[in-house]
Amino acid sequence: MMNNYFKSSVKLLALLALIPCFITENFASERKVSMNENWKFYRGCIANAEQTSFKDTQWRELDLPHDWSMDPVPIQREGITIGPFSRMSVGGADTGQTVGGEGWYRKEFTIQPEDADKIISLYFEGAYNQTEVWINGQKACFNPYGYIPFKIDIHPYCNAPGVPNIIAVKVVNEGLNSRWYAGSGIYRHVWLMKTDKVHLDEWDTFIDASKVEGKKATVDLHSILHNSGKEKVTAHLKIQIFSPQGEEVYSTTQPVNISGETNIPISLTFDIKKPELWSVDSPSLYTAHLSVKSKKLSDEITVPFGIRTVEFSAEKGFLLNGKPLKLKGGCLHHDNGLLGAVAINRAEERKVELMKANGFNAVRCSHNLPSEYFLQACDRLGLLVIDEVFDQWQQAKRPQDYHQFFDEWSEHDIATMVRRDRNHPSVIMWSIGNEIAERADEPTGEIIARKLIATIHKYDTSRATTAAVNSFWDRRDFSWEKDSERAFRNLDVSGYNYQWKEYEKDHARFPQRIMYGSESVPKEAAQNWNLIDKNSYLIGDFVWTALDYLGEAGLAHTLELAPGEHSPQFMGWPWYNAWCGDIDFCGDKKPQSYYRDILWKRRDISLAVQPPVAKGKREDINYWGWKNEFLSWNWKGYEGETMVVHVYSRSPKVRLYLNNRLLGEKEVNLDTYTASFEVPYEPGQLKAVNLKGKKETTSTELCTTGIPAMIRLTADHTKIKADKNDLSYVKVEILDKNEKLIPDCSVPLEIKSAGKGSVIAAGNGSADDMRSFRSLKPKTFRGKAIAIVQPNTEKGTITLTVSAEGLPEAAIVIETY
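Once you know that position 688 of the sequence shown is 688 in the numbering used here, the rest is easy, because the numbers rise by one and skip nothing.
Bear in mind the hints are in silico, worked out from the structure with no lab data behind them.
Check the hints yourself; a few may be wrong.
So the derived label-pair ranges between C-beta atoms look like this [said to hold, decoys possible]:
id	residue 1	residue 2	range
1	793	287	25 to 35 Å
2	216	741	47 to 57 Å
3	57	142	44 to 54 Å
4	30	380	37 to 47 Å
5	216	319	13 to 23 Å
6	794	716	16 to 26 Å
7	287	216	18 to 28 Å
In the PhoX-like style, the derived pairs of lysine-lysine whose C-alpha atoms are separated by at most 20 Å in a straight line are [what the hints assert, rightly or not]:
id	residue 1	residue 2
8	627	617
9	170	151
10	295	232
11	636	666
12	740	589
13	296	238
14	615	636
15	777	752
16	740	617
17	731	589
18	232	273
19	197	170
20	719	737
21	601	692
22	139	151
23	636	601
24	197	55
25	215	151
26	694	731
27	694	653
28	482	501
29	779	589
30	211	55
31	32	230
Quantities reported herein were computed from a predicted structural model and do not represent experimental measurements.
Where a beta carbon is used, it is the ideal one built from N, C-alpha and C, also for glycine.
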């Protein structure tokens, strides 16, 4: 059966002689030590690699996190492969034409004499997909689900202190197992954990700070004190609470007597006066410090938490700290664009920053656990989270997906989600699944839902449960009106995928049901938000998606089709990016994001230009797509042709000017916040103006630019830590002589770096430019590209230079400290 740490599969093997083929790492004293450095890696199947005597001297050396599906395909064939992409990809459009397979990792480490009596564990934050771990040739663990972290007590398998140990990890990502790009390998951090026999654990510790009355917060703290030794121990347990400013606001010390091989539950309730509440605008974080000390043993943990109240009701909607708040949400997959799945801390943080900067206050983690650092960033920056665990239950969506492990592992995996994430104030709901096939099946759907919810409530009753429910296209005899109630019956909050037309009808039938759009498409944003803004029972909406992601290639394509032609759901080679995000891989806004700014009252007016469709064809916008419009008035070759100019505004009327000539005045459709003009193209200045009565107020413009004259480099951070978990994202822009971005410019670049770091990925925001993806010679897309700079561990500087034919070279210096 499963214990509190992990589910292990152990097979004892004879220990073989060690072959010294690694950089040996010696770890002492620290409780949690990074194991990311100095691994050996082999891509492919290989026999006996788990054995200590295996010779890996020819294997590649690398640091974690690592995603081998982002590495170039080993054998490059013209017309078949481009970098990490292959026409032979098993996943095809699902995985963005990338390649999975099998990979092996090996590492040597040594336990020091001072740690001889400690409990030694390995903690993997994530490895995709099925993972087996051997210590000194002995199988210590199997983990089937690539998004679930796992801990392994490796002490029974380790050699005596001072004698090297070998870790061997086999990771398998084979077959059709994902509907999106998942990545391959140990793509999140790995840690070595060392504790005394009397110890605490972060996952056992739950700080419920969700009760606030007046100027007082009541905090319930629960933990478990473990004694893994055989002797009874007398110790003192100290609990301290520190304010966001680092001041101690509560402290208690209690004597404890704990027998050998025993666990003692700890429960404590205390008040904090005048608490600083955590919110999306003021994400204040407290810290709990728990320590246990005896004459010989000691352990301590630090757990950040936030004080806030969360309430849901049909009458009042969603209340954060007693105040109504609509969830301006976006769905998000776990990848980091040009980096693939690797969960480098800065890349995880940047996703949160991009969402906050573009008006989002909530994220739905689709459809799996995010990285730990992502949630930490949500806590620090103030982004609400729906934490989701499954994309399928017993019934498969792809032949080799998680359904084959669901019955045996689902209870363990959902418990892991809750235990890992329940101290994050950003997390407001637990989602038990996305578009689950059995959602309304009788009795299977309800039985599974109740079981999963019961497991959640075993570890946390302070948050709501939810699921994302879609239409019944997959159940021929089912209908929304007749059968959807069963899918929602056991949930606290009901997630509707693309079902905004059912909101008002369902509210009439189920007036106490709390609803939100768990997925919606950009082109139906106005319909969604017009309903959400006026109805308390609708608490928000989550667009698919906030940011572009790898896989589901071309989901949001827009094509010009001849009569009789039909658009596919996905695009084939060379598409690799879903293209449905508000924000592209460079971190830049697409036209749909500017439109969302109007809906969310973040911007007064915006405009975009739609070129004419070829004669005899029609524009076909895929369901997740957006009209083929551009933030550009550069249309050389289209002189005199009719362009459609869309002006987005909440004003009753707008005017449009071209080169200071008034082209017209139109009423804005206040259902879509759009006024459209047909304009024969001529170069110059296109200007849209809001009207209040007859008075012109705010305006926006697009201008025709000149030819390329210079390269501009802009780093999001010019000072970064000398740590591989930090990054600098350097935007590359092609400008004219007036320093204006040229939005239709495609220029081949050459990117070089020197100093205390390197460019680990570069490319652009395109969905189908494979030759620019992760290339140091990318083309600009819509005038832009990006280079991602990673430091090594030395202080100093990194110089990035970018050149293009006929343009002056540009350089920028990044300081590492």
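*Which of the numbered hints are not met once you compare them with the structure shown?*
3, 4, 11, 16, 18, 19, 20, 23, 24, 25, 26, 30 and 31
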